[in-house]
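Visitor: Sequences are here, hints too, so could you generate the full structure?
As a plain string of letters, each chain reads:
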Amino acid sequence: MSTAGKAKRRKRSQLSLIWFRFRKNKLAMLGLIIFLMMIFMAAYVSIFGDYEKAITMDMPNKLQTPSAAHLFGTDQFGRDILMRMMFGARISLSVGLLTMVLSLVVGSLIGAAAGYYGGKVDNLLMRIMDVFLAIPSTLLAISIVAALGQGMFNLLLATAVSQIPAFARVVRSAILTVKGQDYIEAARACGMRGGRIILRHILPNAMGPIIVQATLNIARTILGISSLSFVGLGISPPTPEWGSMLSEGKTMMRYYPHLILIPGAAIALAVMSLNLIGDGLRDALDPRLKN
Amino acid sequence: MMSEPILKIENLHVIYKTDESTVYAVNGVDLELFSGETLGLVGETGAGKTTTALSIMRLLPDKIGKVVHGSITLEGTDVLTATEADMRLLRGSTVSMIFQDPMTSLNPTITVGNQIGEVLYLHRPGISHADIEAGVDNILEMVGIPAGRKNDYPHQFSGGMKQRIVIAIALACEPKLLLADEPTTALDVTIQAQVLEMMNELKDKLDTSMILITHDLGVVAQTCDKVAIMYAGEIVEYGTAEDVFNGKNKHPYTKGLFGSIPDFTKKAYRLSPIEGLMPDPTDLPAGCKFHDRCPYCMDICRTQNAPAIREGSHMIRCHLMAAGGKGEAWE
Amino acid sequence: MSIPLIETRNLKKYFDTPRGMLHAVDGVNISIQAGNTLGVVGESGCGKSTLGRTILQLIKPTSGEVLYNGQNIAGYNERQMASIRRDMQIIFQDPFSSLNPRMTVRDIIAEPIRVCKLCHGNAEIYERVNKLMDTVGLASRFENAYPHELDGGRRQRIGIARALAVEPKFIVCDEPVSALDVSIQAQILNLLMDLQSDMGLTYMFITHDLSVVKHISNEIAVMYLGQCVERVNSDRLFENPLHPYTKALLAAIPIPKLMPRKRGAGIIKGEVSNPIDPKPGCRFASRCPNASERCLSEELRLVEAEPGHFVACALYE
Chain A
1 MSTAGKAKRR KRSQLSLIWF RFRKNKLAML GLIIFLMMIF MAAYVSIFGD YEKAITMDMP
61 NKLQTPSAAH LFGTDQFGRD ILMRMMFGAR ISLSVGLLTM VLSLVVGSLI GAAAGYYGGK
121 VDNLLMRIMD VFLAIPSTLL AISIVAALGQ GMFNLLLATA VSQIPAFARV VRSAILTVKG
181 QDYIEAARAC GMRGGRIILR HILPNAMGPI IVQATLNIAR TILGISSLSF VGLGISPPTP
241 EWGSMLSEGK TMMRYYPHLI LIPGAAIALA VMSLNLIGDG LRDALDPRLK N
Chain B
292 MMSEPILKIE NLHVIYKTDE STVYAVNGVD LELFSGETLG LVGETGAGKT TTALSIMRLL
352 PDKIGKVVHG SITLEGTDVL TATEADMRLL RGSTVSMIFQ DPMTSLNPTI TVGNQIGEVL
412 YLHRPGISHA DIEAGVDNIL EMVGIPAGRK NDYPHQFSGG MKQRIVIAIA LACEPKLLLA
472 DEPTTALDVT IQAQVLEMMN ELKDKLDTSM ILITHDLGVV AQTCDKVAIM YAGEIVEYGT
532 AEDVFNGKNK HPYTKGLFGS IPDFTKKAYR LSPIEGLMPD PTDLPAGCKF HDRCPYCMDI
592 CRTQNAPAIR EGSHMIRCHL MAAGGKGEAW E
Chain C
623 MSIPLIETRN LKKYFDTPRG MLHAVDGVNI SIQAGNTLGV VGESGCGKST LGRTILQLIK
683 PTSGEVLYNG QNIAGYNERQ MASIRRDMQI IFQDPFSSLN PRMTVRDIIA EPIRVCKLCH
743 GNAEIYERVN KLMDTVGLAS RFENAYPHEL DGGRRQRIGI ARALAVEPKF IVCDEPVSAL
803 DVSIQAQILN LLMDLQSDMG LTYMFITHDL SVVKHISNEI AVMYLGQCVE RVNSDRLFEN
863 PLHPYTKALL AAIPIPKLMP RKRGAGIIKG EVSNPIDPKP GCRFASRCPN ASERCLSEEL
923 RLVEAEPGHF VACALYE
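Residue numbers (our numbering), protein chains in the order written: chain A, 1 to 291; chain B, 292 to 622; chain C, 623 to 939.
Derived from the structure by calculation, the hints contain no laboratory data. Be aware that a few hints might be false.
Claimed, not checked - DSS-like mimics (lysine-lysine), calculated; alpha carbons at most 27 Å apart, straight line:
id, chain 1, residue 1, chain 2, residue 2
1, B, Lys-357, B, Lys-308
2, C, Lys-879, B, Lys-546
3, C, Lys-682, A, Lys-179
4, B, Lys-496, C, Lys-879
5, C, Lys-879, A, Lys-179
6, B, Lys-308, A, Lys-24
7, A, Lys-120, C, Lys-634
8, C, Lys-879, B, Lys-539
9, B, Lys-494, C, Lys-891
10, B, Lys-494, C, Lys-879
11, B, Lys-308, A, Lys-26
12, C, Lys-891, B, Lys-441
13, C, Lys-682, A, Lys-120
14, C, Lys-891, B, Lys-496
15, C, Lys-634, A, Lys-179
Claimed, not checked - Sample of chain B residues facing chain C (criterion: CB under 7 Å; computed from the structure):
id, residue
16, Thr-481
17, Ala-532
18, Ile-565
19, Leu-568
20, Pro-570
Because the structure is a prediction, the values reported are computed rather than measured. By construction, the Cβ of each residue, glycine as well, lies at the ideal position given by its N, Cα and C atoms.
Guide: Next up, the structure:
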């Protein structure tokens with residue numbers, strides 16, 4: 001299995017190499033394109049869209065099915081669903097991504113420390129995580145928002161905190177499998193410190209399960225925000241947001257299915273594209289899977 | 292003078308085909324094994340030893356591994372054309388195989404007694420429960436494990452004991468041929484000595500033929516009657532143990548193998564290893580497969596396959612032998 | 623005699639396991655003079671790898687001393703070890719798990735240089751990496767390859783280059799050739815011996831293979847269940863092994879020569895148990911053909927049976 005011949009001089013940098021491998025994965029590229037389009041839509045919707053249409057009630061025109069005037073129809077208050085969906089992307093995507101990043105970073109650090117140092121550190125950190133896990137994540141988020149008060153930042157914080165234990169667990173177990181490898185010991189033998197070993201040797205090799213967890217996490221966050229909105233602690237009513245569109249339309253879905261189909265499709269598309277990106281990224285980051 | 296061989300392999304070619312590449316694992320192997328003989332199949336990683344053994348069992352990985360040429364006859368059965376049902380009968384009762392790692396060859400959730408009993412049950416239709424129990428006790432005693440431990444689980448045994456149990460399972464139906472793939476490599480030396488000793492005794496007692504796959508010429512010297520040295524899917528040297536260890540001619544690769552082994556019976560000296568590496572099995576060199584590592588490489592070696600030169604029971608596949616005018620070249 | 627480069631005094635490492643206290647290393651005294659090689663031989667579970675790691679302070683010893691150049695480093699914390707880490711390196715058995723699969727060959731070798739700040743600037747570091755690759759016989763075209771693209775022998779060379787990168791004085795070689803094919807094994811052994819004579823390295827060579835150890839060592843320590851049972855210069859060990867375990871080990875090595883097969887001669891019965899809460903007395907007693915009452919009760923110490931030849935056995939007291 002000597003592939004010596006293939007190990008030619010490679011001048012390209014790590015990043016361009018990762019990009020090169022990522023690009024070869026057609027599904028991942030599809031995911032990336034879809035996701036970039038959604039981001040683009042969220043960023044520039046105000047240029048061609050009308051925010052007023054998304055929030056002002058227009059009772060005479062309520063619950064219309066799709067037509068030329070309202071491409072995706074209107075909701076029970078006569079608001080244009082297309083506009084609500086497009087403006088909703090702003091909050092849903094940004095909260096989803098930011099929560100993911102926040103819980104990923106904090107959860108990874110906690111999980112990494114617990115996994116790497118083991119013993120008492122592990123016990124202490126993971127028992128704290130267990131306490132958080134024992135409380136249903138929605139309930140936890142509700143109590144945090146209730147305690148800190150409403151607002152975008154607190155919402156972010158609340159959803160992130162409720163996701164941290166899941167990350168910590170995944171990262172910890174991924175790290176335990178890597179920790180036993182000899183190259184960790186070799187790094188210690190030349191005097192490398194714990195933090196650097198975690199960042200340079202352990203986390204990159206524990207990436208796969210972490211990325212999968214991260215992409216699943218976004219979907220959960222978007223839906224989680226809707227349940228917070230539902231009890232009045234999330235995004236306040238007129239502001240469009242996918243999760244709350246979904247929960248508002250739920251009551252009428254038997255007669256007006258488009259009320260939930262549109263935001264549902266948006267969430268599904270966002271989650272799917274992120275999953276594809278996640279899979280592609282996981283493979284692209286692993287040099288063993290190339291060629 | 293001799294009866295029919297138990298195993299006859301003729302011109303066996305095996306490839307592993309994946310989407311990206313084709314591995315030429317075995318490239319024209321001929322072997323014969325008679326009743327009671329032990330053949331040592333020696334070579335390094337990737338020489339095709341295990342592939343040869345798996346072909347005999349017809350256990351090559353599905354869809355990937357394929358015999359492209361040649362024939363294998365086992366006790367009169369053509370292994371390559373037999374039905375799967377026939378093969379299932381053959382495996383275990385006529386031929387069985389021991390793998391290198393005793394830790395993964397046993398099912399951790401079944402007692403060792405039941406694992407041995409299962410083989411008896413499968414291959415002796417209508418055997419009574421009492422007979423199975425008696426058989427299991429008998430076999431365990433045979434490999435040196437008290438029958439009282441048959442209700443223990445694999446993890447309760449040490450590595451050497453586990454390998455004994457694996458051997459017990461392989462020998463449960465007294466097969467005619469035992470394929471042992473590096474059976475002692477994972478064991479400590481003192482345990483290896485015990486297990487080899489036991490295998491030697493059992494083989495004599497049951498009159499089983501054996502193919503012992505190993506990379507250790509020391510193990511071969513202690514156990515084998517015949518030796519085949521494999522390199523890049525070919526047998527480069529074949530003969531009785533006497534021929535290979537003490538014969539006046541050796542294949543350059545065999546010479547290199549002997550030179551690589553530190554010999555503690557001599558004063559310290561620098562080892563004379565074979566330079567270079569095994570060729571890439573997806574892209575084998577033309578001519579003699581060993582030519583780019585061979586210190587005696589000639590022009591002809593680069594272009595033409597080496598001929599098998601025989602001298603009595605001793606075969607060496609090398610141009611050098613042909614050039615020396617010894618024996619008769621064909622192919 | 624001058625101060626040995628490495629010395630252990632009554633070194634112990636116990637692990638607390640659910641089944642009891644595991645005496646992995648139990649009162650081992652060894653010493654290695656600079657430029658020499660000590661071979662440490664024993665079967666799996668005899669504590670030879672733990673001994674190596676304890677000397678390097680990768681595992682903290684339970685008690686006892688580890689002297690490096692006469693200075694007791696046992697119990698040093700990471701900061702105190704920082705200056706000594708450079709001098710002591712390790713080469714691992716498994717060429718697959720010892721290299722980070724996500725780093726290129728060049729980065730793997732450059733890392734210790736960066737950590738120890740031996741050179742500054744990438745140009746200088748990479749020049750040094752190239753020199754090291756040359757030293758261990760790795761073609762420079764592999765510098766951007768990943769470990770999984772290379773075979774076992776080349777991977778082991780990377781491991782050696784990484785250990786050499788910080789210019790160590792002492793290297794623990796933990797079964798560096800056991801996972802390799804015979805012909806590659808010989809290449810790596812020759813390389814290690816060349817490096818030793820060129821750079822004046824001191825090795826502790828851990829292995830289960832007596833024929834390899836004889837080849838490379840000046841002195842050999844035979845270990846059994848956490849204890850050193852025999853210690854002598856390597857030629858003498860093979861000429862005149864004293865401890866029954868050493869004799870059994872020697873008898874068990876398959877010699878690649880045809881000899882009249884001596885059935886059963888010298889093969890010892892039984893298996894290596896484990897040193898969890900060991901009973902007093904000689905740990906080999908249960909397998910020993912010469913065991914007497916005394917062996918089961920008394921703790922045995924290494925005694926000098928002949929000049930420079932130490933053995934822990936009741937037969938020689």
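Visitor: Now tell me, hint by hint, if it's right for this structure.
Guide: Cross-check of the supplied hints:
Of the pairs offered as hints, the one joining Lys-357(B) and Lys-308(B) holds, with about 8 Å between alpha carbons and a cut-off of 27 Å not exceeded. A distance of roughly 13 Å separates the Cα atoms of Lys-879(C) and Lys-546(B); the hinted pair therefore holds under the 27 Å criterion. For the hint linking Lys-682(C) to Lys-179(A), the alpha-carbon distance of about 18 Å falls within 27 Å, and the restraint holds. A distance of roughly 25 Å separates the Cα atoms of Lys-496(B) and Lys-879(C); the hinted pair therefore holds under the 27 Å criterion.
Proposed proximity of Lys-879(C) and Lys-179(A) is contradicted: the alpha carbons are some 43 Å apart, above 27 Å. Between the alpha carbons of Lys-308(B) and Lys-24(A) the distance comes to roughly 23 Å, so the proposed pair stays at or under 27 Å and holds. Note on Lys-120(A) and Lys-634(C): the hinted pairing holds, with a Cα-Cα distance of about 23 Å set against a maximum of 27 Å. Taking the CA atoms of Lys-879(C) and Lys-539(B), the gap is about 14 Å. The hint holds against a cut of 27 Å.
Of the pairs offered as hints, the one joining Lys-494(B) and Lys-891(C) holds, with about 20 Å between alpha carbons and a cut-off of 27 Å not exceeded. Distance restraint check for Lys-494(B) and Lys-879(C): the Cα-Cα separation of roughly 21 Å lies within the 27 Å cut-off, and the hinted pair is therefore satisfied. Among the hinted pairs, Lys-308(B) with Lys-26(A) is consistent with the structure: their alpha-carbon atoms are about 25 Å apart, no more than 27 Å. Using a Cα cut-off of 27 Å, the hinted pair Lys-891(C) and Lys-441(B) holds, with the two alpha carbons roughly 21 Å apart.
Straight-line distance between C-alpha atoms of Lys-682(C) and Lys-120(A) comes to about 17 Å, which keeps the hinted pair within the 27 Å bound. Taking the CA atoms of Lys-891(C) and Lys-496(B), the gap is near 21 Å; set against the 27 Å cutoff, the hint holds. As the CA atoms of Lys-634(C) and Lys-179(A) are separated by approximately 24 Å, the hinted pair is consistent with the 27 Å bound. With a least beta-carbon distance of about 5 Å to chain C, the hint placing Thr-481(B) at the interface is held under the 7 Å criterion.
Interface restraint check: Ala-532(B) against chain C, minimum CB-CB distance 6 Å, threshold 7 Å, status holds. Residue-level restraint check for Ile-565(B) holds (minimum Cβ-Cβ distance to chain C is 4 Å; threshold 7 Å). Given the 7 Å rule on beta carbons, the hint for Leu-568(B) holds: about 6 Å separates it from the nearest Cβ of chain C. The closest approach between the C-beta of Pro-570(B) and any C-beta of chain C is roughly 11 Å, which is over the 7 Å cut-off, so the hint fails.
In the structure shown, a violation is registered for the earlier hints numbered 5, 20, in ascending order.
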